[in-house]
Amino acid sequence: MTAVAVLAALAGSPGLAQAQQPSQAGPLSATNDNGLPPGWRIDGKRGARELVWRAPKAVPMGDARVEFRTGDRLLGVPRPAKDGRTFRLALDKAASTELTDLQVTAAGRRLDAAADEPRASDARGVRLPAQAPANGVDPGKPGSYRTVSGQYDLAPVRLPGFAAPVEMRAQVVAPKGATGSRPLALFLHGRHATCYKPGSEGDVTIDWPCADGYKPIPSDKGYLRDQKLLASQGYVTVSISANGINAQDWQAEDAGAQARSSLVRQHLARWADWTAHRSTAPAVVRQAAKADLSRVLLVGHSRGGEGVNRAAMDSLYPPPAAEDGYRGPVRWKVRGTVLVGPTIFGQNPVADVPSVTLLPGCDGDVSDLQGEEFVDGTRGVSRGSALHSAVYMVGANHNYFNSEWTPGEAEAPAEDDFGTDPEEQPDPVCSPGAATRLTAAQQHKAGSTYIAAAARLFVADDDRVLPLLDGSGRRAPSADPARVLTHAVGGHRSGGFLPNAGAKVTGARLCSAIDPNPAVACLDPETPGSSPHFASWETEKETGRGAVDLKWSAPGTAARVTPTKPLSLHGSKKLALRVFVPPNTTGTKFDVSVTDSSNRRVKLGRVEMAGLPGSARTASYWAQELRVPLTAATRAGLDLRHVKSLELTPRSRSGRAWLMDAWGWAPGTPAVKAAALPRVDVGRTIVKEGDSGTRTYRVPVKISGHGSGQVRVYVLDPDSGRSKSKLVTVRPGSHAIDVPVEVKGDTTYGDDVEHDIAVKAVHNSVVGQHRGGVTVENDDPAPVITLSPVADRVTEGETLTWRLSIDAPTAVDLWEPVRVLPVTEGTELSTKDVDPQWLQEWSGDVPDPERPLSDASLWVWLNIPPGSTGVDFVVPTVQDQVAESAESMRVALTDRNAEPLPDRPVLTGTVLDRP
Numbered sequence: 001m002t003a004v005a006v007l008a009a010l011a012g013s014p015g016l017a018q019a020q021q022p023s024q025a026g027p028l029s030a031t032n033d034n035g036l037p038p039g040w041r042i043d044g045k046r047g048a049r050e051l052v053w054r055a056p057k058a059v060p061m062g063d064a065r066v067e068f069r070t071g072d073r074l075l076g077v078p079r080p081a082k083d084g085r086t087f088r089l090a091l092d093k094a095a096s097t098e099l100t101d102l103q104v105t106a107a108g109r110r111l112d113a114a115a116d117e118p119r120a121s122d123a124r125g126v127r128l129p130a131q132a133p134a135n136g137v138d139p140g141k142p143g144s145y146r147t148v149s150g151q152y153d154l155a156p157v158r159l160p161g162f163a164a165p166v167e168m169r170a171q172v173v174a175p176k177g178a179t180g181s182r183p184l185a186l187f188l189h190g191r192h193a194t195c196y197k198p199g200s201e202g203d204v205t206i207d208w209p210c211a212d213g214y215k216p217i218p219s220d221k222g223y224l225r226d227q228k229l230l231a232s233q234g235y236v237t238v239s240i241s242a243n244g245i246n247a248q249d250w251q252a253e254d255a256g257a258q259a260r261s262s263l264v265r266q267h268l269a270r271w272a273d274w275t276a277h278r279s280t281a282p283a284v285v286r287q288a289a290k291a292d293l294s295r296v297l298l299v300g301h302s303r304g305g306e307g308v309n310r311a312a313m314d315s316l317y318p319p320p321a322a323e324d325g326y327r328g329p330v331r332w333k334v335r336g337t338v339l340v341g342p343t344i345f346g347q348n349p350v351a352d353v354p355s356v357t358l359l360p361g362c363d364g365d366v367s368d369l370q371g372e373e374f375v376d377g378t379r380g381v382s383r384g385s386a387l388h389s390a391v392y393m394v395g396a397n398h399n400y401f402n403s404e405w406t407p408g409e410a411e412a413p414a415e416d417d418f419g420t421d422p423e424e425q426p427d428p429v430c431s432p433g434a435a436t437r438l439t440a441a442q443q444h445k446a447g448s449t450y451i452a453a454a455a456r457l458f459v460a461d462d463d464r465v466l467p468l469l470d471g472s473g474r475r476a477p478s479a480d481p482a483r484v485l486t487h488a489v490g491g492h493r494s495g496g497f498l499p500n501a502g503a504k505v506t507g508a509r510l511c512s513a514i515d516p517n518p519a520v521a522c523l524d525p526e527t528p529g530s531s532p533h534f535a536s537w538e539t540e541k542e543t544g545r546g547a548v549d550l551k552w553s554a555p556g557t558a559a560r561v562t563p564t565k566p567l568s569l570h571g572s573k574k575l576a577l578r579v580f581v582p583p584n585t586t587g588t589k590f591d592v593s594v595t596d597s598s599n600r601r602v603k604l605g606r607v608e609m610a611g612l613p614g615s616a617r618t619a620s621y622w623a624q625e626l627r628v629p630l631t632a633a634t635r636a637g638l639d640l641r642h643v644k645s646l647e648l649t650p651r652s653r654s655g656r657a658w659l660m661d662a663w664g665w666a667p668g669t670p671a672v673k674a675a676a677l678p679r680v681d682v683g684r685t686i687v688k689e690g691d692s693g694t695r696t697y698r699v700p701v702k703i704s705g706h707g708s709g710q711v712r713v714y715v716l717d718p719d720s721g722r723s724k725s726k727l728v729t730v731r732p733g734s735h736a737i738d739v740p741v742e743v744k745g746d747t748t749y750g751d752d753v754e755h756d757i758a759v760k761a762v763h764n765s766v767v768g769q770h771r772g773g774v775t776v777e778n779d780d781p782a783p784v785i786t787l788s789p790v791a792d793r794v795t796e797g798e799t800l801t802w803r804l805s806i807d808a809p810t811a812v813d814l815w816e817p818v819r820v821l822p823v824t825e826g827t828e829l830s831t832k833d834v835d836p837q838w839l840q841e842w843s844g845d846v847p848d849p850e851r852p853l854s855d856a857s858l859w860v861w862l863n864i865p866p867g868s869t870g871v872d873f874v875v876p877t878v879q880d881q882v883a884e885s886a887e888s889m890r891v892a893l894t895d896r897n898a899e900p901l902p903d904r905p906v907l908t909g910t911v912l913d914r915p
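Per the working numbering, residue 1 is the first one in the sequence shown, and the count goes up by one each step.
What the hints contain is simulated information worked out from the structure, not anything from laboratory work. Among the hints, a few may not be true.
[Unchecked claim] Label pairs and their computed distance ranges (CB to CB):
| id | residue 1 | residue 2 | range |
| --- | --- | --- | --- |
| 1 | Pro38 | Asp872 | 17 to 27 Å |
| 2 | Gly433 | Arg635 | 28 to 38 Å |
| 3 | Pro80 | Pro320 | 26 to 36 Å |
| 4 | Lys141 | Gly180 | 18 to 28 Å |
| 5 | Gly433 | Asp872 | 56 to 66 Å |
| 6 | Asn897 | Gly797 | 34 to 44 Å |
| 7 | Pro413 | Pro38 | 46 to 56 Å |
| 8 | Arg904 | Pro38 | 49 to 59 Å |
| 9 | Asn897 | Glu411 | 34 to 44 Å |
| 10 | Asp524 | Asp462 | 40 to 50 Å |
| 11 | Ala554 | Pro38 | 43 to 53 Å |
| 12 | Ala130 | Asp273 | 32 to 42 Å |
In this text, all values refer to a predicted model and were calculated from it rather than measured experimentally. All C-beta atoms in this analysis are idealised placements derived from N, C-alpha and C, irrespective of residue type, glycine included.
All chains, please: the whole structure from these sequences, using the hints.
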């Protein structure tokens, strides 16, 4: 596929994307001559080749997506095996790619044994942020209602793309004796192990249904304390189980987001039925107060956060029916969402549904804190009236928001996701016992408090809790001793100095959130730690995500941001800036000034800030909200309807800072009404390449909804992984996103090839399924592989040679394993009978102590490159001065587990003593 051709197609010009098996693909390179790095191999079964990584120990099942990468390129998302250690990726994801710098990552952190040593960071300045003043209203205090608890377990449902039915089980906690209809809060847990063996220390699985002798892990019970707090305050609460999705979401292109949305809406539909017909409800629902489905709050933890975000989206903008597991009417209104340590693989937040995102400062699972995109990704997309808040909780990990994922509280085995290897130095911020780390009880209490704050703001319309969520710098005493910082976009904010491509920046650098070039990227990849604002997506480079990077060695040089046209701050009380500085720094000071269209410049005030506590393992480059009053501008007669530029002038001696954006701020929350928007969903077409001829296919894209909007389409080159992008205007029913793929048939064996696009909302649009494409399946048989002797009887000092052959050349590299086996009779060649450099290169071993050659771990992988029909396996022997009888070695083709193939001969090579 050529990006130029695709972009021409998007623009309506002639041009076809080329999709064919490469005739001269580069070799699948490795870090040494023997093959792939330790732990990696290429596997194949019935012609379907896979890139396989086996971890040295089990990788805990979490919510972050395990990804294979080569350098900065995403190869794909591998399929996990039941052993928790083995991960497999179909090689169509990496066709024609040099497999150099292979990495296994999850939320930006390295999992593979080849990972570099953790980069040192200066953590000497680690300190807790100052305690904020108490808010006037504390939502963490229990209410006056007694509660009733119970569960229901309905018939399971079938969801598209999932073979096993998914359970319809839930925990209900509701106020007892409450009059009238009460708001409904629905909780959805994240991705966790599904089954455990009672009495075992760590025997957990991801099966569904559970095998005999195993019990389901009750992740849905993990929010009972949150539920009881809300129920005491008058909310009906339900926490639903999603084990059936967790066990199967590895095969879903969106990691299960649509399935989780379907499950959430299946439960909401049942509650709508029970509200209308109380006699049909389960006993615990009949005992509870009646639910008011016009006031629904969705709470999702981890992948559950992405799931409830999609449920809110699907409730406003229906998904394609074929992909949806709920097709009934929408009889509820989602007033807001709470997203706890969430994933957002699609980076597709719902701009017109208010949200609060809890970001755990010591998250060891979704460690890049990608949930920040639920805030940043809403800017400019729709009307901007919905508040989107980020709540950064210092010292909180990922798991302890769910008591069933917490050691000492859980029914099944559980662990601290921010684990520290006993052989490593403790993390100064997040290791248990650190002054900045929360205990499980402290964390859960703080989480409950901020969930209740969101409920009170979004559902009860109580603006008295707004200062806890919108960057106003107030605290809820119930969450003590947790240190919590917040910022927000939307609400009563106006204007918007945004660091996008149209803005002009002087005195600083307009940088890109995602770019492989360190000179362009906002954070150098070698920087210890990371920023939630710059979490990676599907592409190696993105357009439209950035910041203003300020770096100074002396005070006084202003950084100026000038948008494409003047902004209005009329009606605002303050200017709110989102700025971050390096972790553990203090005393960064700025003067803040604005200039109007008549060139009147006014200094609004001075701000000072300190960095968050951070280490090389935390995502602590996170923006804090700073506010300066606009009173000086008003007194000076500045035209606040036409503000043309913003200036930040450093007043500290030296430093570094990043400006994310700045807005006019006013108190209160406006009414929110969702706009009618077009929705984009990308599908997948799977085709056979055929033996001859040329056929053209198109990436399936559905545009539904109402109105017109803009999205950015990224076309991913299957060979290089690089992308090209274009801004596209979309309307329902149109074919604005038209990506043709030309497939040329052949009779040469090769890999499947995926020709993908990824789509992101830019303005007046919403994106459901963000990635898809055309998969071209190889339909040619795998070649027949043979191992035969070339020189299998030689004199010492000469070279034994066998030929690994295939009956026809291929379009891809083939890696085939050959193993040296013990001899069955006579004397075996020893480690001192072969060239020592050869032994080192092929086995990593040394000759001493002398031992049979088969004891030297000689299981080698031979590469037959594209277009070739064979490669030699050579064993150089050495001449010695010892008179001895003939010696031999045996070699055989093996399977991927080093077992000799039963239908292939074992070959013997003999070395004779030199006369």
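Status of each hint after checking the structure:
| no. | hint | in the structure |
| --- | --- | --- |
| 1 | Pro38 with Asp872: 17 to 27 Å | 25 Å, holds |
| 2 | Gly433 with Arg635: 28 to 38 Å | 52 Å, violated |
| 3 | Pro80 with Pro320: 26 to 36 Å | 27 Å, holds |
| 4 | Lys141 with Gly180: 18 to 28 Å | 22 Å, holds |
| 5 | Gly433 with Asp872: 56 to 66 Å | 58 Å, holds |
| 6 | Asn897 with Gly797: 34 to 44 Å | 35 Å, holds |
| 7 | Pro413 with Pro38: 46 to 56 Å | 29 Å, violated |
| 8 | Arg904 with Pro38: 49 to 59 Å | 27 Å, violated |
| 9 | Asn897 with Glu411: 34 to 44 Å | 36 Å, holds |
| 10 | Asp524 with Asp462: 40 to 50 Å | 44 Å, holds |
| 11 | Ala554 with Pro38: 43 to 53 Å | 49 Å, holds |
| 12 | Ala130 with Asp273: 32 to 42 Å | 50 Å, violated |
Against the hints set out earlier in the document, violations occur for numbers 2, 7, 8 and 12.
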